[in-house]
Structures are given as C-alpha cells and as structure tokens.
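A.B. asks: Protein chains in written order, with this note's numbering: chain C, 23 to 899; chain R, 638 to 898.
Be aware that a few hints might be false.
Straight-line C-alpha distance at most 20 Å; calculated EDC-like pairs for lysine to aspartate or glutamate [to be verified]:
#1 Lys134(C) with Glu723(R)
#2 Lys98(C) with Asp712(R)
#3 Lys561(C) with Asp541(C)
#4 Lys621(C) with Glu310(C)
#5 Lys772(R) with Glu531(C)
#6 Lys410(C) with Asp185(C)
#7 Lys143(C) with Glu839(R)
#8 Lys143(C) with Asp712(R)
#9 Lys863(C) with Glu440(C)
#10 Lys741(C) with Glu852(C)
#11 Lys760(R) with Glu92(C)
#12 Lys143(C) with Glu835(R)
#13 Lys98(C) with Asp62(C)
#14 Lys159(C) with Asp494(C)
#15 Lys134(C) with Glu728(R)
#16 Lys772(R) with Glu761(R)
None of these hints come from the bench; they were simulated from the model.
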Amino acid sequence: MEMPKVTRRTFLKVSAGTTAAAAAAPRLLNAMEHELGGKDFNPETLAERKAIPVNCHVCNIQDGAIAFVENGRVVKLEGNPEHVSTRGRLCAKGNAGMWYSYDPDRILYPLKRVGARGEGKWKRITWDEALAEVAQKLDAALKEDPNTIMLKYGRNRTGGTIDRFMKTLGSATVVNHTSVCESSKKIGMEPTWGPDIETPDFANTKYVLNFGSNVLEASYFHNPLSQRVTEGRVDNHMKIVTFDVRLSNTAGFSDEWIPVFPGTDGAVALAMGHVILRDNLQDSDFIETWTNVSVKDLKEHYRQFTPEWASKISGVPAETIERIAREFALTKPATLFTYRGPAKHLYGSYNEKACMMLPIMTGNIETRGGYCLPRGMGWPQPGPQPGKPAKDSYLSHPPDYPLAGHKVSHLVPFWIAEGKQKINVYFTYQDNPVYTNPGARAVWGKLFKDEKLLPYIVSMSSHMGEETALADIILPDCPYLERWEPESMPNSLWPWLGIRQPVHASLGESRENRILLRDIIHKLDPDGKRGMKQYWNFKDAEDYMKQHFDNIPGLKEAGGLEFLKKHGCWPIYGKLDPKTGKVTDKTGREIKADYGLHKKELADADMAGAVVGKDGVISKNGKAIGVKRNGKNYVGFPTGNRIINIRVDQWAEYGFNPMPTFKRIPWHETMKEDEMILSTFKLNVHKQSRTAAVKWLAEIAHSNPAWMNPATAKKLGVKTGDLVRIETRVGHMVTKAYVTEGIHPKVVSIPTAFGHWEYGRLATLKLKDKPAYGGTEDPDLQNVWWDDRGVHPNDIIPVVADPIGGSQGWYDTVAKVTKAGPNDKYGDIEASWEKHVEAFKETMRYAYTGDLHRKMHPEMAAWGGPASVKHKEGGGH
Amino acid sequence: MLNDLALETAVRAPLPLPVAAPEVATQEDCLARAGVCRLLAGAFIEEPSAAFIDALRQPESLHSLEEAGLHFEKDFTAPDTAALYEALSIEYSTLFTASGGFPPVESVRLTGRYQQEPLFAVKETYKRAGFELGKGRFFVFEDQLGVELTFIAGLLERCAAALGAGDPAEYRRQERELKRFWTVHLGKWVRGYARLIERAAEHSFYREMARLLGDFAEAEIFALRLRIDDQDKGRLVVPKSEVKVEFNPDEPVCGACPGSK
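Isolated chain C (complex conformation) (with noise of 0.2 Å):
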C-alpha cells in the first residue's frame, strides 16, 4: 500500500501557516452557547421559547434579564445581551426569580384578618369588600389629618406611584427604609459632590481602594461592577485592597485583605490622605481648581490624622497605612469604591466622607479608570400631578435629624410610641421591619400588634412576611415578573432606561400596585368630586408607562415603549462580543465611556442670559448650571455651586465638623476585654429578607452561624458547630459558632437572611414541625434535605442613628459572647422593648439637639448651639 502523499504533519504545517486565513473564514455555524444567550430552546421538542426581556427585582441592581415563557409559565431567566451594564449576566438571585411568581405561599387574594394581630386566621374576600374597607378608613382619617395616612415601603420601583398615592391624599407621611440601607453613605457623598453614589471604573483602573464593600456578592452593584472588578484584574492587572471585618468573597479575591476595627476605616483614611498631603502626592491642580478649599488648607487641617493615630484606633499598623497611600497616590488611574462598612455607624456619614477624599485630592474624579460620577436617565411623569401636601410629617422629616436627607425610619416606632405623631392607616409596601430593622420584632413587632398605635395596617404584598402577618387587611401584589415598571439604575458609566413587564397574567386576583393603588383612589373619590380621581386617570399599567416613555427624545424615534417591550432596555450601545463578553461597537471595538462629564463645556444657549458670580458660579433663572474655571464655561458638578464642597458649610450650621473628619464610637473606647462588636452581613444568594422563600436560593444558604475568629474561639473555647450565646444590651440569642481565620479577633458576625418565623414555609421550615398546615407532601418539600433554618439576630440589634446621615449603626453592637451554658437552645432569642427604649434615647443624645452633640465635636466650640439654627421650612415627600 502506498503511503498517502498527504500526511498529518503536512496538516500541522498547513493549519500553521494558514492561522490568519482560517480566522478570518466565514463562520456561519456556532454553538449555541457563543450567542451568549437571547434565545432558547425546549429541549425536547427544540421549539424556541418565548423571550420576554425585563428588569430583575429579585435584589435592587436592576439587572436586564430575559424571561423565557413556555406553555405560559416562566421556565427559565437569564441576563439580557442588549443590556449594556449587566451584559447577558444574571446572578444566582435573578436566576431564580421566577419561584416568586408560583410559589404555593403567594398571596394570591384580598385577605382580611379574623383572629388577633399575628394569629394566622384570615377570611378571603373579594377586591370591591376590600377596596371598600380600606376606602372608609381612608376617608375616616382624611377627616381628621391626611397626615395620619401613613406609608412605608421597603422597595419601591414604581417610578414615582407610590409618592402620587400619597400626595394624592395629601399626606406627608412617606417614609422609605434607606436609614437601614445605605443612606449614610449617601448623605457622606451628597454635600460634596452631588449624587449619592459613585461609579468606580474598575475595568480600566491600575488600583482599588475597597473599604467595606463585598461588589463581588452583595453590594450595589454587585452583578454588573463584579464583572468590570474581573476585567480590571485580568486584563489590566490591577491591584486590589480590601478593608473590612470580615474576609468577603471580595476581600479574598482582593490583593490584600486588612481586617480593620469596625467603624474606623474613616480613620484609615484620613490618616492615609494625611500621607499624600505630607509628601506632597495630591493632584493640586484638581484641588485647586474643582474643590472649595485649597491645598495649602487641606494639608493644614490633615496635619493631624497620622497614620499611628489611625493604627491605635483601627489596628492597621502605619507602615500598610503609609505603603498602601503612597501606592494609591503614585498608581493612575487609581479608583475606590465603599459600601456598608465605613457608613453603618454613628458617624457613618464622616467615615464615608474621608474615604471619598481620596479619589479627589488625588485627582481621578471623572478619568479613564477613576472614581466617576453615576450615570442615570429619567423619565416623566404622567400629567396632571397632585401637588404637595400641605403639611409636613414629623416622622418623614425628624427635626432632631435636620440632614438625613434620607430620613431615620429606623427610630420610627419610638416617635409613635411618644405621640410624636399619630396613624390611623399605615400602608406597608415591599417592607418587612418586623423582621429587617433593628429590633425586630421586639420594636416593629411590639409596634405592629398595638391597635391603639397603629390603628389599622395594611399590607400591599405577595408573600406573608413577618410583617404581613401582622395586617389587618392583604392587599395581594404582584411579584415583579408580573408587573409594569420603569427602571434606570447608574450601574455602569452608560446610562440606560429599562423596563419591567408582566411575563404573562397575574396569578390569581393579584393586582401590581399602580392598578390597585388607583382602584383604592377611584373607590374613595368614585366621580372625581374630591379632585383625587383626576391623577389616576389611566387605562391601565401599560398605558402608564406609554406616559412615561413615548415622549423621550431618542426613545421617542426608536419607538417608546414598544421598543422597550421588544428590547427590555434603552439604548443599545453595540453587540455582545461572544469572545469578550464586551459590548462592542459596528468595527468591533469595545464601545467607550465618556469621562469628564463636569468639564462638558455649557452651548452658547445655556450661557444666554446666564450670571457668572465672583466665585465663577454661573448662574441662570436663579439656579446654579455651571461653573466657570480656566476661562471656560464648564458643567462642572451636580452641586449647588457646581464644585466639590470638601468643606460643607451646612454641616457647620448644626455643629458638625464641615471639614473631613473623625469620631470614634465612645462606647468602642470604653469596650471590656470580654467583648466584641456584632456585625451582620449578606450572602451572594439572599438579599435582606425576601428570598428565603424562594425555591434554589434557600437550597444553598439556609442557615447562618456566627462566624467567630480561632484565637477568640481558643479563649471561649469554643469550635465549629457549638451553640453560643450573644449578649447585647438589649438583649440575647444563642446560636452556632463557625471558627475561621477570615474575621477579626474583636468582631462576631452573622449573614443576614435566615431564621424567618414568617415568610412561608420554606422559610421557616414550619412544615417540618407542624404538618397540620400545608403538608409535607409539597414534592419541593420532599427535597428540602435540612432541618436549620437559622436565627435571626436583629432582636438584639439596638438602635443607632447617624446624627448627620440618619443611618443605623449596624456594625456599633457591643456584644459579649460566651459558650452556651445548659440551659441555652439553638435559637433562644430574648430582648426587650425597654432596653430598645433606652438604646433609643441614647441615640438621641448624638442628635444637633442632644446633650452629647457638643461633647462629640469640641472643634465646633464656636457653634452657637441649636438655639442658633435657622428653622428650616418643611413640607412634602
């Protein structure tokens, strides 16, 4: 036989030589999987299935998810390739999302209760038995104050429903949930340089400052900012340095993880600006020219934040504090990102502020891999609106707290309880204190079963959480696969407008909250006579968003809501490299962000008619547009002077330090030995108290040890698995120890998520002790494997308020842990509603008005006091 003149070798050669020319061959067949979704396929059948593009709510990133519905039901989510932020990704929450929709606990119809407050009994009746109970409660308590009518939501998407219900009649009483979020962190940034968040560029940054941020689980915005912290690292090689408690997922992905002493990563901050300003490492220019205060004033007043000053406080020694700024100084572009761990505290906002200083006296605001502005779009409002309440609210806008732009809903119940101001109707929306406020069910739960209190609660919800439970009447919302809402979240330094939409009908006589808001409008003002029907005048939620969205320059001309239908979001920046996982422009490139937004130079037609001021502010129609600098008319900041303000006037007029600062937590200072601070934390599969149901997510994280440090472990002797008992002022739980080197000696922390005694029955597990109710033969309760649901350590959790930014200081518990004794079950839990009071009033003595307010901040000792303030007039949301 003759050997073929064609060999295998002869193969190697020729695909060598010919690399160039087969990449550039024409390849019309791919597998499937390098379309990175869009699309997808009954394996069985292979017919295609139907792709509904939407927002994600399962958490609040607001990821662009595509819905694939077979057979009318949802049977599988996954990202949206059109979405420039989120790019086709999707995590392990919205992958999930659909089990909201069909879970066998959804409230499916109007409930009303039977029994007392929390028994369990309800009498099902119909929407009109309903919308009529609630429509006389309404016009009971409109009869004697607007203000008595009362709503708190948790997450409100509903692009701007919720606040035209209420001013619709003419309450103020609007409070949100941000105090136990993050709003310290807004309230650090604000003043300063106008949004409440910043947009770190992480793919194209040389170096991360991280303090207190765990993006690659849980943080804003964790989905779409871990995929850029993977880019910078892999493809940019950047570095990254973690300052936290607790070793994240983040922390350990990091270059460097520093545990530091809660609540004192402001002063490592500081301490590290301190370094820069001493050597000369700022960026003076940036200073000089974008800030309302000089270098030479900026290094006068960080003389004093030495780096040994802020490792006797935080416990990172000085050389890290010293090498690590230097670092951050000497590496462009360099960028930072925060979260909860500066802001939760009692002076979140300053710790929040200090680490901000950073980025700016460095100089890498607005750059190519710096620490940019957020990037969002807006949308209109249907016409006509209902004007501002009359009356401003107490409990929305607490005098003692005058600068927590995002209220203190926290302290709440205690202003109730006082008689600060009276309820008659409390709406409860997307919100669950009972279980997610600190206190739980020893504050909200107490607040919540007093009828004289809260005379009559209702809940707009889809699940029975905690505080559902303790409704008077359940008005059964939609889960968000279900519902019509606008979205646009500054998740990326493209800015885009989205959209959820129902995925298919509602399940049973469930109504998403603008159709049942408006029906309880058009009850209580049926001919429009109260002038309250003139604002709810819509066909239905879809024509409500065409309101909202067929009349956007750009959206208007790609076809306004249907566009939106068809692609989920608005615009679309390019195409979704299969290679790259990039967006990638028409030759290719990946597509480019715009840097510099506040040194966007103002059109000739801004400018006519426009002031400049001495200070180069210019002016127009009394409203501050720009700023000039450098004899160019520029954007410059969303500020009231356009600017950086690194000195914020404003805190001043209540006493605080206007200047970036310090304080230390006194009842830190004045720790034992045997004590520790309680911290809590979220894992990447739960968010706060909402997902415990949800079928998958509570697979894979159902219950939550107290993870404990070995060397503090040794001392309780205590290992893994051995019940322990935490202490705190308030009161105690007992729970599972997890010993591990990835938390700091001085700190005891529990995720957050578990230990539901509401919320359904794979949340709380009820199933598995009482199978008088549901039956275990549910075939997902067959496989639910585990008997730990967890334990819940918010009922210990005292009471914090960030005197500036209103925030609750999680991260401030002193608690003092021991090896459960005889008596101790897994799970015992005891606090006590007066214990809680006094935390209360502690608190309160922080507040301008409080008698510690000038104890705290000696350097104000020629603020004339609270006396010397300047009442500022109220009103509205």
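Assemble the complex: chain C is given as a structure, and chain R must be docked to it using the hints.
C.D. replies: Positioned in the frame of chain C, the structure of chain R alone reads:
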C-alpha cells in the same frame, strides 16, 4: 364554574351518595356520581355559599350524608346560616388560600408550584372536550380541585346523556375521557390530599367532606378498574430515606451543621 359548551347541563341538586360505577353503568348511576362530584366541587371550589349551606343542611341531605358515613358535628348543624358561612369562610381561607395552607391545586400538589405543567394540560383537555372555565366569586386555576371535579361531573353527565340517547359509542368515548382524566390528573393526587385535609381541618364540615372526597375517589378508581399511583400520599412526615437528592444530604455544607467536623 366549568361550563359544558356542548350540553349546557344545568346544575342539578346534589345527590350525595357515593356510589361505585357498576360494570355497565346506567343513566341514573352516572347522574348520581355526577351529583356527588358537584357536591364535592361545591365544598372545595370556593367558600360555600349560604344557599349551598342551607341546601346541605336540609334534613334529607343530612340524612343521606349520614347514611354515607359522614358525621357532622354541632359546629355544622347548630349555628345559623350567617355564622356558619362566616366560620366556613375562615376555615376555607386558612386551609386553602392563605399563606401556609395547602392550595387545592394539582400543580402545587404534584410539582410544589402554581401554574405548572398540570395546569396547561388540563386547560388543553377542557378545550378539546368543549368546556370552558366561567367566572366564580373568585379566580380559580383550571387545575383546582373543584374545577377538576366539575369536569368529571360534566363527563359523567355526558355519559348519562349518551346512555339516555341510546348511543353506546358516545358513552364509551366519554368514559374513555373520564378514565383518562382520573389517570392523568385527579387520581394522581386527590386521595392523599383528601386524607391531608381530613386531618388538618378543624371544622367538621371540611373533615367530613374530605372523607367523602377520598372515599369517592377510591370507589371511582376501583370501579373504573384503573391502577393509579397516589403521588400525593398525604403523609404527615416524609422519611429522610425517601428524600430524593443527587448528593449526600448528610455531607456538611457550611461547617456548622450538626455532625460536621
């Protein structure tokens, strides 16, 4: 609520006698079984109306139910209609519609979720058979117990009509549909589920009606000579050994579970 588009059969007064289908069914027998189905549907499709309660508490109704082995207690026989209506409404909500209850819905019982494959399958079946779901006081899923029972009743009434018209072929066609529906849907879950309600109900009305439901289902399945596994089972506790998982459930996951090292 589930309307037979072909026959427009009027709702008959309930004939609450659980009768097994004889080998050769008669028109009367089919109508009797249909009556039981409609009675049970009336109990489970939504909160019983005052009219339903009154009709059921008539002496002849109570007597026939007693003969069938049902023993209602004073909570059913003593209160006035309004009080009983209120009590049954609350019990219905607690058992079937409030969170933590057990919805009488095939998708939930067989897959653990609302609006899954059984729902779409029964919708197709109703459509093919010429039925459509009308509007009741509340929304119901097509695979809700009361609707499925109504469908069985409708098929039995068609069987009766076929026998009355002397059309054995049509009778056999309708009976095949009946057997198929028991086999593919109701028979898979209703027996175990009935036992569960019987145990969980606090009111004797639901306890006894659940017993009737279970007995009727057993009798029908037997008489129709069907072999259907009870996939619901209605057991209080599922032994861990029967938990089907694709991994070792005893494997420590977080390091803090009992038994972990």
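A.B. asks: For each hint, tell me whether it holds in the structure or not.
C.D. replies: Right, here's what the structure says about each hint:
1. About 12 Å separates the Cα atoms of Lys134(C) and Glu723(R), which keeps this hinted pair within 20 Å; it holds.
2. Distance hint between Lys98(C) and Asp712(R) is unfulfilled; the C-alpha atoms sit about 47 Å from each other, more than 20 Å.
3. Taken as a hint, the Lys561(C) and Asp541(C) pair is honoured in the structure, with Cα atoms around 12 Å apart against an allowance of 20 Å.
4. Proximity of Lys621(C) to Glu310(C) is assessed by CA-CA distance (about 15 Å); at most 20 Å being required, the pair is judged to hold.
5. Only pairs whose Cα atoms come within 20 Å are accepted, and Lys772(R) paired with Glu531(C) is accepted, the gap being roughly 12 Å.
6. Among the hinted pairs, Lys410(C) with Asp185(C) is consistent with the structure: their alpha-carbon atoms are about 10 Å apart, no more than 20 Å.
7. Only pairs whose Cα atoms come within 20 Å are accepted, and Lys143(C) paired with Glu839(R) is accepted, the gap being roughly 12 Å.
8. Our distance criterion of 20 Å between C-alpha atoms is met by Lys143(C) and Asp712(R), whose separation comes to about 18 Å.
9. The straight-line distance between the Cα atoms of Lys863(C) and Glu440(C) is roughly 11 Å, inside the 20 Å bound, and the hint therefore holds.
10. Distance check on the hinted pair: Lys741(C) and Glu852(C) sit about 24 Å apart at the alpha-carbon level, beyond 20 Å; violated.
11. Among the hinted pairs, Lys760(R) with Glu92(C) is consistent with the structure: their alpha-carbon atoms are about 14 Å apart, no more than 20 Å.
12. Of the supplied pair hints, the one linking Lys143(C) and Glu835(R) holds, its CA atoms being roughly 19 Å apart against a limit of 20 Å.
13. Between the alpha carbons of Lys98(C) and Asp62(C) the distance comes to roughly 9 Å, so the proposed pair stays at or under 20 Å and holds.
14. With a C-alpha separation of about 12 Å, the suggested pairing of Lys159(C) with Asp494(C) holds against the 20 Å cut-off.
15. Restraint check for Lys134(C) and Glu728(R): the C-alpha separation of about 13 Å stays at or below 20 Å, so the hint holds.
16. For the hint pairing Lys772(R) with Glu761(R), the CA-to-CA distance comes to about 18 Å; that is within 20 Å, so the pair holds.
Hint check: violations occur at hints 2, 10; the rest are consistent with the structure.
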